Amino acid sequence: MQADMEIKQEQELLYEQKKKKSTRKKLDSWLLLLPTLAIFIFFFVLPLFFLFITSFKTFDASSGIGNDWTLQNYVKFLTDTFYLGVLWRTVKIGLITTLAAIAISYPVAYQMTIAKGRTKNYLTLLVLSPLLISMVIRCYGWVILLGNNGVINNALVKLGLIDQPLTLLYTEFSVVIGMVHVLFPYMVLSIMGSLERIDPSVIRASQNLGASPIRTFFSVVLPLTLPGIFAGSVMVFSLAVSSFVTPAILGGPQVKLMSFLTYEQVTTMLNWPYGSAIGFLLIFIATITIIVYSKLLAKSEKGVAIQ
Amino acid sequence: MRKKLPKFSLHFFCLLVYIFLAAPIVVVLLSSLTTTDYIVFPPKGITFKWYAELVNHPEFMQSFTLSIIVAFGTSIIATIIGTMASIAVVRYEFKGKSVITQLVGSPLLIPSVVFGVALLQFYSWIGIAASPIALVIGHIILTIPFVMRLVVASLVGFDRSIEQAAMNLGAGSLRVFFQITLPIIKSGVIAGAIFAFITSFDDLTVALFIVSTDVVTLPVRIYTYMQYQYDPIITSISSIMILLTVVLMVVIERVLGVGKVFASKN
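Protein chains in written order, with this note's numbering: chain H, 1003 to 1309; chain G, 998 to 1263.
Read the hints as simulated data drawn from the structure, not as lab findings. Just so we're clear, the structure is a prediction, and the values are computed from it rather than from any experiment. Warning: the hint list may mix true and false statements.
To be verified - Computed list of lysine-lysine pairs in DSS-like fashion (alpha-carbon distance at most 30 Å, straight line):
(1) G:LYS1092 - H:LYS1028
(2) G:LYS1183 - H:LYS1118
(3) H:LYS1028 - H:LYS1010
(4) G:LYS1041 - H:LYS1297
(5) H:LYS1028 - G:LYS1041
(6) H:LYS1027 - H:LYS1010
(7) H:LYS1122 - G:LYS1004
(8) G:LYS1094 - G:LYS1004
(9) H:LYS1297 - H:LYS1094
(10) H:LYS1028 - G:LYS1004
(11) G:LYS1094 - H:LYS1122
(12) G:LYS1183 - H:LYS1027
(13) H:LYS1258 - H:LYS1027
(14) H:LYS1301 - G:LYS1094
(15) G:LYS1004 - H:LYS1297
(16) H:LYS1258 - H:LYS1094
(17) G:LYS1092 - H:LYS1027
(18) G:LYS1041 - H:LYS1118
(19) G:LYS1094 - H:LYS1160
(20) G:LYS1092 - H:LYS1301
(21) H:LYS1078 - H:LYS1258
(22) G:LYS1183 - G:LYS1092
(23) H:LYS1078 - H:LYS1094
(24) G:LYS1094 - H:LYS1027
What the hints assert, rightly or not - Stretch by stretch, here's where chain G covers chain H in the computed footprint (C-beta under 8 Å, at least three residues):
(25) 1046 to 1056
(26) 1131 to 1138
(27) 1164 to 1176
(28) 1246 to 1255
(29) 1284 to 1293
Note that beta-carbon positions come from the ideal geometry of N, C-alpha and C, so glycine has one too.
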């Protein structure tokens, strides 16, 4: 009887200790998270929330933000052909950038996958280094290259291919070039990821069955890397539509995109509510692509698992 | 021959892509050596006078110093609090974990223009003026996702029995962290710190909204200068920035090897 009591007490003690330990653990985890969470709530969530509210306010010429509530900012954007044109141009440049990135990334990813040892390391370094060099500087390099008196125009004139310099800078073309340059590494990484997962025996099997290298590529390798291409495209597209530096430097006011419009409305027109509304439409486009993608991915999970 | 042709065209195509990648960077580096008063490529003659000329432009040097200070502050704070948060996310189970993980990753999805505008509005409402601290706070938000990805990657697959052994031998939890845990996850932490530094040092979009006339970071200075001027001084300051980045990259390479950094980043 007494022994029973003792055991029970002991168990209770253990339980108490365990409970203490788990609350202690909980406390630990929250203490570790506290600084990051605090800074995110104060300087990320709150500012964005207030900006969202601003986007439903009227414009006031003296203070920027009026007192009344309105949906007019969103309605204005979605019914005006000029602004819809900017939206369309943003999406179009995003799509062209994505396609161009796939076209130039695939061979590079392929080459990197078949390379070995040191060569592979150097190629990785070469391909990824642009990610780390200031975007402003890279875009400026393109300004020097594409300008009316730039390297490309001068070379073409000297070769006698053209009489007048071509307008390359501050066009959709220059924006796409700059964006592909900036976003290319993301696509390469993504495609490389799926190329490396291919089981070499599948390729050998195809070759043993008599398929030519080209046939093997198109019927075996390419289909197996579609998930990588798809993931890379989503990333490149959403980064392209929301990027600011590249279109600001290589497009300027001549090639207005959503991000530049947001900037212009806020800093030049001082129309905060309208600028915020454009900003949130931009967030909407960028996130909707990613949400649709993850929904599709969840649906096709079965297919991926079989592979 | 039939087999060699596809391989040759593959390498040739890739060579063109590498030229495309290097072109704008090489052009900036070489143009900084020109003797002319305007930017020209290929440069005419070779001189370092545009680097010496920087001495006459104290505003560039000021911005350079400011950018270094901001990037340094961002990197240290983001790495410390990001590492703490990563440990919480990897080692503890708690309610709302997935929401928190998504929250701290979301700056990658929010266009930085919108974040810049939001921060500007918020700062002006609560009365924070443009200052290095105001910039550091904005940059911490931008860099935490990178730091956490890299640190989380190095914490996953960590053998915790070593920590247990140290604790059984009587080491306190702080001592265990600094003598056991930190040395093992060191590479992820250093990579995170360097990424944070580079991201902060390069940021134009968010800084553009926060800066004032006396507090101007280098990318903003370069951006505003190049809208009105076309002299080679911009290429010389840019070249210094490129060289700084190259030095940091060599450090990354020495510490862990480039492939590893990006593999875990994906």
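Hints not upheld, ascending by number
4, 5, 8, 10, 11, 13, 15, 18, 19, 27
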